[in-house]
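Chemist: Residue numbers (this note's numbering), protein chains in the order written: chain A, 1 to 330; chain B, 1 to 190; chain C, 1 to 93; chain D, 1 to 400.
Bear in mind the hints are in silico, worked out from the structure with no lab data behind them.
Each residue gets a CB set at the ideal place from its N, CA and C atoms; glycine is no exception.
You may find that some hints are simply not true.
As the list claims (entries may be wrong) - One side of the interface only, derived from the structure: several residues of chain C facing chain D at Cβ under 7 angstroms:
| no. | residue |
| --- | --- |
| 1 | Cys15 |
| 2 | Ile17 |
| 3 | Thr19 |
| 4 | Thr23 |
| 5 | Met24 |
| 6 | Gly27 |
| 7 | Ala31 |
| 8 | Pro60 |
Claimed, not checked - Here are the simulated distance ranges between beta carbons:
| no. | chain 1 | residue 1 | chain 2 | residue 2 | range |
| --- | --- | --- | --- | --- | --- |
| 9 | C | Asp12 | A | Leu306 | 17 to 27 angstroms |
| 10 | A | Gly49 | D | Asp158 | 52 to 62 angstroms |
| 11 | D | Ala185 | A | Val101 | 44 to 54 angstroms |
| 12 | D | Cys233 | C | Trp29 | 37 to 47 angstroms |
Take a look at the letters that make up each chain.
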Amino acid sequence: CPTGALELRKAGSIFNTYGDKEDLFVPGLSGCQGCNSELIMRHAMRKIGRNSVLATPPGCIPGMGSVGYNGKTGTKVPVFHPLLTNTASMLAGIRRQYDRVGRKDIVVMALAGDGGTADCGFHAVSGAAERGDKILYVCVDNEGYMNTGMQRSGTTPYGSWTSTTPVGEKQKGKTQDAKNLPMIMAAHKCRYVATASTGYMEDLYEKLDKAIAASFEGFSYLHIYSPCPTGWRIPSSKVIEACRLSVETNFVTLWEYTNTEGMRFTRSPDNALPVETYVKMIGKYRHLTPDQLAHIQAKVDEQVALLRIMAANAPPPPAARRPPAGSSTP
Amino acid sequence: MHEVRLHGRGGQGAVLASAILAAALVEEGRHVMAIPAFGFERRGAPVVAFLRLSDTEIRRVTNIYAPDIVVVIDPTVARAVDVYAGMPMGGTLVMATSKHADELVLPPHLGKVAVCNAIHIAMDIFKRQITNTIMLGAFAKATGLVSVASLEHALAETDFRDAGLRQNIEAVRRGYEETTVVTLGKEQAA
Amino acid sequence: MSSPTTIRNAPDNLCPIATEYTTMLTGDWRAMRPVVDRDRCVKCATCWLYCPVQCIHERPTWFDVNYDTCKGCGICAEECPHRAIAMVEETEG
Amino acid sequence: MSKTIVCDGNEAAAWGACLSRPDMVAVYPITPQSSLVEYLAKFIAEGKMDADLMDVEGEHSVLSVLHGACLAGARTYSATSAQGLAYMFEPYFRTPGLRLPMVVSLVTRDAVSPTCVWGGQQDAMTVKEVGWIHMYCETQQEICDTIPIAYKVAEHPDVMLPVNVNHDGNYLSYGVARVELPDQAVVDAFLGEKDVNWHACLDPERPMAVDPLTGGAGGVGPATFVRYRKGICAGMQSALSIIEEAHADWGRRTGRYWSPLIEEYRMEDAETALVTIGSMTGAAKDAVDEARLDGHRIGLVKIKTFRPFPIQRIAKALSKVKAVGVVDRAVNFGWNSGPVFQEVLGALYHLPQRIPAMSFIGGLAGADITVEHFASAIDRTLRLAAGEMATAPVWLNEND
């Protein structure tokens, strides 16, 4: 049984709190069957509400019609297509202007993919984080350019099949490891950085709460791991199961970072299942050799070890020095 | 119209001096166009700035190739560049040097030479070899094209990153007072 | 300083904007239809929590599916802790 | 009260921006623009200018933050050059389509390679077809005055297009001259209330989707896309008269009347003409005067507004001459000529007769175009008028 009584109670509690809140997307968005991005979008905006401005850079999120086609929109809040490369910058400009005119309560946010965040748009994300621009940046990481036909990105894991890291005689999937973007964002000393998974909705909701609050103080970054049934070749009904197994095997770790309390795991990485349990259910890993699998397991272990060190060394001195007046650094 | 070329080294403020001179000339109702010759303006490298002044509108936005006045604010830069290049018959040289005018080896067609021991004055005032504003005083004395009062007014409008206004006013005044002008008798051809 | 948020009718050739909602419905994408067993449903809301199109809605004693938008992904049936949802084939036609 | 200062073109641009009261200024330094953004930062730090300064990580983000700010209601300003413009190109291309009335100074510079950091108009000429209005300034004073004029044009409801106010790198950016700063109240009255996002905004009080996918081969897509493209063309054409009105209005308020689209110099009885653009024009006028002293009836047409291209004005101005020499500070590689030359040829096609024209290219990568260079160009144009044909461009600095 994948869900115990505890998880069941959590679903009810989220429903009781948010079930009446408005779904801020139209009923008919053209995400694939079982699309986890669509799930994230609808929950996130339901939580955030109408006093927001939403950027959805090119990818599945606008691709499913959230910014609409030919004069019709799919979103009930102000929404726009930034460029793939400039999401964080455009948001920073919006936020600065609204701060300037005293409208400081608007959530200025992105629902962006991994490509526009980790690859070609990274300069903008890094720049906005360094400046402490007060925005909420949600990266929906489906490990590649799923909207344009499943090409590899900087967050595609080692060994993964994609349309540009195919499987053949001479090469079997991606030959490099993924970059760990949330760790990079933690190194920017953002106001808030967290990882989340839709397999752990209560955790996701709590992190959204914190991320929204932090976005009024500085750069707030939420990285949500998001299996793509189409691009990863998993049955659409198995998406949540994939989420859960990715976490239970430590392939995905759930943690949060603040610049005052450092890093902490929000779900213990102890007693993890072998990573094989996860990858064997994902079609894009079907070709893995034992060596490749061993490499993935080693990288997972290595990453968890590093995170443990960071978490163990976490809390800095409690009364962190305040930046001088006039500083925009959170 | 007069065409002026300033020679110095990067970091001595030759370009800033041309801008201050431009402001002083405008103060006196003249038209100006000052253009720094552009290269790699690194500290110590030879630097050139151009300035045109006229009582009527100046339209051309071009470099200067035949300056009737040359101002050399660094005593050693003449070793590296031909400061007399393009000067017409009867031109004026304003030179920062510890030498007397008659000790200088000058080309035969100069009309006037003015010398100022600017380094000595700079060490007095700034404790460093900054000669640009001193040589503006020397320019005023040598050419009579601008007054010390106008230069002082222009200085007051200038942002100095290092030295203060009071020091620079003193620099202009001493530059003016301690410049010796020698007419060489060659009148301007034109 | 306040920003003048003048509401004017912009000409329709100026800049692509949209204020009307898309009316597309995705119910006809479905090959398999989730059917809720009302006796088994305990209203735990798990189906609602994980439904990507958020087409689950509450009835007095059970959770129901809006078939206008349900794409038939099967997550609700997979995740239901009480096996209260079955995926059945849509009829041909 | 207006105030006289003596400053270089970059400071003049910074003052023009300051007087236009932008809300948001985004900057990234690049030669020869750097001192311009340093002036802006200084004005803001000293409280002379009430704008938010965003020092961002590159030109791509410079324009991007301004897109966001503009859609949130801000009047915006920035400046760039050459490689910065190239890096900015992705959001640059997008700006006219969103009809964002921004003003960005291009401190024109030649583009690599060969590596160079000096003036030239290759950068601005390379982006002429994107939908930005382009105005080229001749003097420091014109830079200072044209920036407020540019806002007036950009924000006009019948235009709603971004404007580049261009000035030549090195010769104008660092060249120092007298500049009359208009009184703030005069500029305020000239510009009036800003309203930059009435047509498209990102505001929870007016929720809308900005820039949904548009086009495609079916349904309403093709017609919708065409409608927006034609809208930009219509805005450009409206701009021709609005640029003239704005310059006239500026003249009435400040006493300085700049030629808004083209300036005709000694064209009344001209038999041949030079066409110039930007800061080269002053030396060209001096050369025209000298040629006139030698008895040649030559005139000059300076292009101030390059986009939209004032086709009719140029055709009319050149309708009576026997030959035209067009001097460019950039290269059109595909036509083996200067880019302005090609534009002038297009305008001449509107005349019934065929007027021979030839292309001169000079002032690349900081090279000087002197009065002597123009004298040689005039000489060659006179020979063209006399029947000596031209097939290749003349490279003015080839033998410097």
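Chemist: Now look at each hint and say whether the structure bears it out.
Modeler: We went through each hint and held it up to the structure:
no.	hint	verdict
1	Cys15	4 angstroms, holds
2	Ile17	5 angstroms, holds
3	Thr19	5 angstroms, holds
4	Thr23	14 angstroms, violated
5	Met24	12 angstroms, violated
6	Gly27	21 angstroms, violated
7	Ala31	25 angstroms, violated
8	Pro60	33 angstroms, violated
9	C:Asp12 x A:Leu306: 17 to 27 angstroms	55 angstroms, violated
10	A:Gly49 x D:Asp158: 52 to 62 angstroms	38 angstroms, violated
11	D:Ala185 x A:Val101: 44 to 54 angstroms	23 angstroms, violated
12	D:Cys233 x C:Trp29: 37 to 47 angstroms	40 angstroms, holds
Violated hints for the displayed structure, listed by number in ascending order: 4, 5, 6, 7, 8, 9, 10, 11.
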